[in-house]
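Engineer: Taking the hints into account, I'd like the entire structure generated from these sequences.
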Amino acid sequence: MSTVDYLPEDEKLALLQGTLELLILRSLKLESNHAYGISQFLDRQSGSEFMVDNGSLYPALQRLLQRKWIAGQWKISPNGRRARYYSLTPVGRKELLRATSKWQRFTVAMAKILAPEG
Amino acid sequence: MRQWWSKIRCAFGRRQDLARELEQEMDAHLEFLIERNLGQGLSLDEARTAAQREFGNRTVVRERVYQSWQFPRFESFLQDIRYALRGIAKAPTLSLVVILTLAIGIGANTAIFSFVNAVLLRPLPYPSADRLTILWSALGYSGRAPFSSFEVFHLRQRSKQFDQIAGIWVTNGALPGDGPAEQVKVAHVTSNFLPLLCPRPALGRFFGPEDDLENAPSTLVLTHGVWARRFGSDTSIIGQSIRYGRHRSTVIGVLPADFRLIFPDDASVPPNVEAFESIPVGPWQPDGPSFLHVIGRLRNGATLAAAQAEMNSAATQINKLGGRASMDNFTVSVFPFQADTVREVRPSLLSLFAGVGLVLLIGCANIANILMARARRRLRETSIRAALGASRSRLARQFLTESLLLGLIGSVAALATGLAAIHAIIATRPPSFANFNHVPLDTRVLSFNFAVALGVSTLFGLAPVFSVRSVDLTRDLRERTHPSGGSRRHWTNALVSAEIALAFVLLISTGLLMQSFINILHTDPGFQPGNVFTFRVSVPGYAPLRLIQQKLAALPGVQSASAISHLPLDDAGNWYDYYYREGASPTEQTSVMADHRSTLPGYFAAIEAPLLEGRDFTDADDLQHQHVAIIDDVLAHQLWPDQSAIGQKINLSDSPSGFYQFQRDWAIVVGVVHHVQYHSLTTIVRPQIYVPYPLAPRPSMSFVLHTSGVKPGLATAARVTIDSVSKDIPITHIEPMQLLVDRARSESRFASLLATLLSLIALVLATSGIYGVLSYSVAQRTTEIGIRMAIGAPRALVLRMILADGFAWILPGLLAGILLSVAVMPLLAHLLYGVRPGNLTNYAVMIVAVLVLSALAAFLPARRAMRIDPLTALRYE
Chain A
1 MSTVDYLPED
11 EKLALLQGTL
21 ELLILRSLKL
31 ESNHAYGISQ
41 FLDRQSGSEF
51 MVDNGSLYPA
61 LQRLLQRKWI
71 AGQWKISPNG
81 RRARYYSLTP
91 VGRKELLRAT
101 SKWQRFTVAM
111 AKILAPEG
Chain B
1 MRQWWSKIRC
11 AFGRRQDLAR
21 ELEQEMDAHL
31 EFLIERNLGQ
41 GLSLDEARTA
51 AQREFGNRTV
61 VRERVYQSWQ
71 FPRFESFLQD
81 IRYALRGIAK
91 APTLSLVVIL
101 TLAIGIGANT
111 AIFSFVNAVL
121 LRPLPYPSAD
131 RLTILWSALG
141 YSGRAPFSSF
151 EVFHLRQRSK
161 QFDQIAGIWV
171 TNGALPGDGP
181 AEQVKVAHVT
191 SNFLPLLCPR
201 PALGRFFGPE
211 DDLENAPSTL
221 VLTHGVWARR
231 FGSDTSIIGQ
241 SIRYGRHRST
251 VIGVLPADFR
261 LIFPDDASVP
271 PNVEAFESIP
281 VGPWQPDGPS
291 FLHVIGRLRN
301 GATLAAAQAE
311 MNSAATQINK
321 LGGRASMDNF
331 TVSVFPFQAD
341 TVREVRPSLL
351 SLFAGVGLVL
361 LIGCANIANI
371 LMARARRRLR
381 ETSIRAALGA
391 SRSRLARQFL
401 TESLLLGLIG
411 SVAALATGLA
421 AIHAIIATRP
431 PSFANFNHVP
441 LDTRVLSFNF
451 AVALGVSTLF
461 GLAPVFSVRS
471 VDLTRDLRER
481 THPSGGSRRH
491 WTNALVSAEI
501 ALAFVLLIST
511 GLLMQSFINI
521 LHTDPGFQPG
531 NVFTFRVSVP
541 GYAPLRLIQQ
551 KLAALPGVQS
561 ASAISHLPLD
571 DAGNWYDYYY
581 REGASPTEQT
591 SVMADHRSTL
601 PGYFAAIEAP
611 LLEGRDFTDA
621 DDLQHQHVAI
631 IDDVLAHQLW
641 PDQSAIGQKI
651 NLSDSPSGFY
661 QFQRDWAIVV
671 GVVHHVQYHS
681 LTTIVRPQIY
691 VPYPLAPRPS
701 MSFVLHTSGV
711 KPGLATAARV
721 TIDSVSKDIP
731 ITHIEPMQLL
741 VDRARSESRF
751 ASLLATLLSL
761 IALVLATSGI
771 YGVLSYSVAQ
781 RTTEIGIRMA
791 IGAPRALVLR
801 MILADGFAWI
811 LPGLLAGILL
821 SVAVMPLLAH
831 LLYGVRPGNL
841 TNYAVMIVAV
851 LVLSALAAFL
861 PARRAMRIDP
871 LTALRYE
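The listed protein sequences correspond, in order, to chains A and B. For the first sequence, the numbering used here assigns the number 1 to the initial residue and increments by one for each residue that follows. For the second sequence, the numbering used here assigns the number 1 to the initial residue and increments by one for each residue that follows.
Don't take each hint at face value.
Here are some, though not all, of the chain A residues that point toward chain B, as calculated from beta-carbon distances under 10 Å [stated by the list, open to error]:
| no. | residue |
| --- | --- |
| 1 | Arg26 |
| 2 | Lys29 |
| 3 | Ser32 |
| 4 | Ala35 |
| 5 | Asp53 |
| 6 | Ser56 |
| 7 | Gln66 |
| 8 | Ala83 |
| 9 | Ser87 |
Since the hints were made in silico from the structure, they are not lab data. Note that the structure is predicted; figures quoted are calculated from it, not measured. All residues carry an ideal CB built from backbone N, CA and C; glycine is no exception.
Structural biologist: This is how it looks when you write it as structure tokens:
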């Protein structure tokens, strides 16, 4: 893993970005959510393995908005707060499917290689 | 793509809204966190603090989101430009120096390149210019001779590689049409000549085969200039019969306005021909004179080598036809037309190009040094920026942006300088550029200008990058004074060494060119132009010509008057042929060529050309008496090396029966005159032979009046005198003979003037480079010098230290310059006259000059160092 440390900063970010964006899309699969909700979801689902930094989360949301994979809308939350709710667009849904299957193939392949002999 | 579009939308206009939305969103986020914390039983203050901690740095989030709205590269580029502009404006003197250096350096290059482009790169303005060739005949020692009609006829018969072979011969004639008489250049051309160089006439037609028939009526094609000037651009001129000399001639066509004759200088085909008449080509005179300058157009797909091979065999066959007395040494050479026309200019133009290139390099080295010094002064700033996270490539990019911007401004300024320089050069009009009065500023020149600007600004822009290559944060921030890292100084010193080396090369070449010019000033043209006044007339006949001569000689202040068919160093259509002595072998008969001159008695006395032996012509030297000739010492030595030429019989071509009706004739040599430099001041092109006018009548003659000093009103007096003989004699080219000599010197003057200018610029740049670098180094070492002096170092020692510091790289630069010059100078040999490239005096003078100037440039900073007050220096720290 030490090799990663030597990667230029930009590339390290890119690696994270792609993953984070997929995770955000996944978090919005069932229902729309706001930034706080998304970060809670990711924290909960990963068993607090992923500590998602807002400095990454917000730009990622912006990129997804720019790609029109998600759409933002101001709504009132159940506890009466005004918040910006993000939801998957049809394109975003398609992208989620594509990226999920790609990611799964990737992890399976990784696992096969990394799995101990025998 | 879509992302781009939304980014563009973000980049303009909507950003304010987006930012507000983001703030609200983050506020909501915090509220959620606080609410959750409150639910966990924290106090409001605690809940808020914990929420803020968990949310993280709000500014970072903001920055990163903003970044996602931008085109980071583009915006940082804009930022770089803003920064660069600010940097340029903040140091106006320095920026001005850089921009001026660039304006001069790139401007000079642009100017010279536009000449290189116009003269060497652009094809001649003729259809199928790439297939045009020029043919030269060789007989005996003369390698670039014209052809006889007979030879052209037989070459055509035997040629398959050429689809056209055409000839031209230029003489003086009277301006066609009615109105005041004026003498102009007239070209006699084969009927296929004009179509070869001009796709179609502006009016009418060109010559056709019908114009070559023996009894064809006289026809004329006019240039656009004459047609406009003389006939008021009257389109009904076609088919009209107009006065032409003593006859009448029918105008059949008018050339387009942009038609130009561009021929090699030694072809005697000047660009200012005003009218064309046709000249037939045939096999009727095997030993006729050679006068036609021949161009040929290669057949499509034919190669130069094939054409040359074909001409070789054709020449061999023509030898056997027994044309001119013996032709066993007759050969034909084929050259590309374009390359041949620029044969003379090419080397000087390329040397000039190299010269301005050197100046530019020196300028770049200087700029690199300036920018490097500045980069080092900014090192702390750079280090802080690096510490704050600016990547090295970003810093490098910023330095580059700044130099590119400087380069861009410089290149615009250079364009203006270049244009001014082009105009200045054209105004000086050195003869070898005479054919190229139109120097276009086309895309090639413009792109050259910008490419050079881009190239050099990258070059010197990289220098500061190198000098801050290894930003050592801790050290650079810790050091309080400017760091004076050794390796960085080496760069600067190497650049100054290079400057000195390059400037030295320029100095040496300038010295050589100036020496050549001085030598040319002192050449003996073979005559005294001082008090000689000249003008050209159309000859009304021998008797009136003699009458004019007598009347002119009687004018007050005129000591003697005579006339000749060609003035020395004039551009009149020349005439030369083969000459041989009695008893010469057939080969010898075609081995010596000489310029043929027709004169009146008294010519040599009038121009003070020394008569070495024998006598001048007299009135008795006419057709009825023994035919006589005067030759120059060069010809005398060639024909009779071991004995006096006086009384010897010489075979020459004369034309007693009328203008240009040449025939071979025998004459007795009655005089030997000192050689007169007819074509150039520096080389003996051909010897001369002089024949009395009755033996060789010419339609125009140039009078030479030897006066006793400046005589205002002489031109008017001459005009009145001539009018008293006949009202209808055109007078042209009224000028002092000195002007002809000055014109002949102008080429060399031009070369030495330009070289001097370039060297001066180079010298100023190099000297200021030395000065700049040493001053900087003194400023950096202020503390060190202060300490040295505080512990008792004498001032002289400090002075010596700084001087030694300077000379440690001045001397290697000088050495490199000497080596470079020794290697390069032989290339200049063709531009030099009377001085060898390796001239030791020149080297000695220039070495001393460089040493003195360098010492001066080094001394000023050294003196400043010497005067440093130790206490101030230490306190300053």
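Engineer: The hint names A:Ser32 as touching chain B; please verify it with the least Cβ-Cβ distance against 10 Å.
Structural biologist: violated, 14 Å
Engineer: Just to be careful: measuring from the Cβ of A:Ser87 to every Cβ in chain B, is the smallest value less than 10 Å?
Structural biologist: violated, 15 Å
Engineer: So, A:Ala83 near chain B? Judge it on the closest CB pair being under 10 Å.
Structural biologist: holds, 4 Å
Engineer: With a cut-off of 10 Å on the beta carbons, see whether A:Gln66 makes it to chain B.
Structural biologist: holds, 5 Å
Engineer: When the nearest CB of chain B is found for A:Asp53, is that gap smaller than 10 Å?
Structural biologist: At 6 Å from the nearest chain B Cβ, A:Asp53 passes the 10 Å test, so the hint holds.
Engineer: Would you settle whether the hint for A:Lys29 is holds or violated, based on the nearest Cβ-Cβ distance to chain B being less than 10 Å?
Structural biologist: violated, 21 Å
Engineer: So, A:Ser56 near chain B? Judge it on the closest CB pair being under 10 Å.
Structural biologist: holds, 8 Å
Engineer: With chain B as the partner, please determine if A:Arg26 meets the hint condition of a C-beta pair closer than 10 Å.
Structural biologist: Violated. Min distance 20 Å.
Engineer: May I ask you to test the interface hint for A:Ala35 with respect to chain B, counting a Cβ-Cβ separation under 10 Å as satisfied?
Structural biologist: OK, holds: A:Ala35 within 10 Å of chain B, min 5 Å.
Of the numbered hints listed earlier, those contradicted by the structure are 1, 2, 3, 9.
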